[in-house]
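Throw the hints in and build the complete structure from the sequences for me.
Respectively, the protein sequence lines represent chains A and B. Residue numbers for the first sequence follow my numbering, so the first one is 362 and each next one is one higher. Residue numbers for the second sequence follow my numbering, so the first one is 362 and each next one is one higher.
Think of the hints as simulated: they come from the structure by calculation, not from any bench. Treat the hints with care, as some may be off.
Non-contacting residues of chain A with respect to chain B, defined by C-beta distances greater than 12 Å in every case (computed) [stated by the list, open to error]:
(1) ASN383
(2) PRO468
(3) PRO481
Subject to a maximum C-alpha distance of 30 Å in a straight line, what follows is the list of computed BS3-like cross-link-like pairs (lysine-lysine) [claimed, not checked]:
(4) B:LYS402 / B:LYS371
(5) B:LYS363 / B:LYS402
(6) B:LYS363 / A:LYS371
(7) B:LYS371 / A:LYS402
(8) A:LYS402 / A:LYS371
(9) A:LYS402 / A:LYS363
(10) A:LYS363 / B:LYS363
Ideal Cβ placement from N, Cα and C applies to all residues, glycine included.
2 protein chains.
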Amino acid sequence: MKPETTQSGKNYAVSQLGPTDNWHQFTCEVSALPGIQVPGKAFLAAALRMTGMEISVNVMPPGSGMPFRHRHQRHEETYFFLSGRGQIQIDGEVVDVQPGSVVCIQPNGDRAWRNTGTEPMHYIVIQATVDSLENTTTEDGILSSRAVTW
Amino acid sequence: MKPETTQSGKNYAVSQLGPTDNWHQFTCEVSALPGIQVPGKAFLAAALRMTGMEISVNVMPPGSGMPFRHRHQRHEETYFFLSGRGQIQIDGEVVDVQPGSVVCIQPNGDRAWRNTGTEPMHYIVIQATVDSLENTTTEDGILSSRAVTW
Numbered sequence: 362m363k364p365e366t367t368q369s370g371k372n373y374a375v376s377q378l379g380p381t382d383n384w385h386q387f388t389c390e391v392s393a394l395p396g397i398q399v400p401g402k403a404f405l406a407a408a409l410r411m412t413g414m415e416i417s418v419n420v421m422p423p424g425s426g427m428p429f430r431h432r433h434q435r436h437e438e439t440y441f442f443l444s445g446r447g448q449i450q451i452d453g454e455v456v457d458v459q460p461g462s463v464v465c466i467q468p469n470g471d472r473a474w475r476n477t478g479t480e481p482m483h484y485i486v487i488q489a490t491v492d493s494l495e496n497t498t499t500e501d502g503i504l505s506s507r508a509v510t511w
Numbered sequence: 362m363k364p365e366t367t368q369s370g371k372n373y374a375v376s377q378l379g380p381t382d383n384w385h386q387f388t389c390e391v392s393a394l395p396g397i398q399v400p401g402k403a404f405l406a407a408a409l410r411m412t413g414m415e416i417s418v419n420v421m422p423p424g425s426g427m428p429f430r431h432r433h434q435r436h437e438e439t440y441f442f443l444s445g446r447g448q449i450q451i452d453g454e455v456v457d458v459q460p461g462s463v464v465c466i467q468p469n470g471d472r473a474w475r476n477t478g479t480e481p482m483h484y485i486v487i488q489a490t491v492d493s494l495e496n497t498t499t500e501d502g503i504l505s506s507r508a509v510t511w
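See below:
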């Protein structure tokens with residue numbers, strides 16, 4: 362199952378993924394594993410028309426871990442852990458992760474991770490090109506003079 | 362309280378934010394509200410040494426809503442809702458949001474949001490520069506030949 366665009370307009374797109382308990386239904390293809398539908402992983406950029414970032418939602422079952430290490434060419438990658446307990450290693454250094462652990466890895470960091478707990482580990486991974494953010498977030502914002510009405 | 366760097370190495374930085382129930386302790390400053398420590402909001406880029414994205418973690422209490430609309434100059438913005446019930450409006454079009462709702466808004470989308478439920482609404486907002494992602498995520502990845510060991 363792939364994420365769908367459930368609503369959209371000129372300047373936005375929406376995907377209703379459902380709560381984390383639903384995420385095991387998602388599948389995707391990755392170039393490292395040709396011909397295989399990887400379970401429990403979905404990329405969102407296509408459904409959400411993203412052009413500056415890619416986000417994946419992920420479920421890793423208890424007892425599982427990444428079978429390979431990887432790094433990147435140009436993408437910074439942030440791992441945001443929502444549930445479960447695990448570990449992520451970067452260049453051989455180990456970080457314990459739990460709900461609310463956020464790990465930002467620069468492209469050349471050699472990484473792998475695993476679920477060390479008894480519950481599924483849910484996490485979001487965000488990619489963006491290094492050095493591509495030009496403004497701070499508040500500098501980039503423009504306030505509207507129109508009042509908020511509902 | 363601001364997010365701290367709890368661990369770091371050459372190619373990574375970590376912040377242990379704790380579970381969403383802790384996030385109401387965070388505060389930040391935004392240019393729209395000078396001199397005010399905005400409660401329940403924290404930007405992560407500084408603690409995590411991000412250069413391609415900015416991520417904020419946010420809590421909005423029941424009965425609250427954004428008092429102003431805003432848009433952006435160059436940043437695409439993705440709202441990822443983790444808990445609670447609410448609505449977000451973009452150019453006057455309303456989207457109902459709940460856990461697992463993901464909304465990507467292009468810079469010119471005029472936006473505001475509110476909590477319409479009885480529980481705190483927790484959400485993550487990610488900003489990145491439009492059109493800055495050059496590779497797909499799997500094209501950008503480089504597999505390592507070193508086996509994973511723990």
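Here is how each hint holds up against the structure:
1. Non-interface call for ASN383 of chain A relative to chain B: violated, since the shortest CB-CB distance, roughly 7 Å, does not exceed 12 Å.
2. With a minimum CB-CB distance of about 8 Å to chain B, PRO468 of chain A fails to clear the 12 Å threshold, and the non-interface call is violated.
3. At the 12 Å boundary, the C-beta of PRO481 of chain A stays outside the reach of chain B, the nearest C-beta of that chain being 15 Å off.
4. Between LYS402 of chain B and LYS371 of chain B the alpha-carbon distance is near 28 Å, which keeps this suggested pair within the 30 Å criterion.
5. Of the supplied pair hints, the one linking LYS363 of chain B and LYS402 of chain B holds, its CA atoms being roughly 9 Å apart against a limit of 30 Å.
6. Proximity of LYS363 of chain B to LYS371 of chain A is assessed by CA-CA distance (about 35 Å); at most 30 Å being required, the pair is judged violated.
7. Restraint check for LYS371 of chain B and LYS402 of chain A: the C-alpha separation of about 28 Å stays at or below 30 Å, so the hint holds.
8. Proposed proximity of LYS402 of chain A and LYS371 of chain A is supported: the alpha carbons are some 28 Å apart, at most 30 Å.
9. Between LYS402 of chain A and LYS363 of chain A the alpha-carbon distance is near 9 Å, which keeps this suggested pair within the 30 Å criterion.
10. Distance check on the hinted pair: LYS363 of chain A and LYS363 of chain B sit about 36 Å apart at the alpha-carbon level, beyond 30 Å; violated.
Going through the hint list in order, the structure does not satisfy hints 1, 2, 6, 10.
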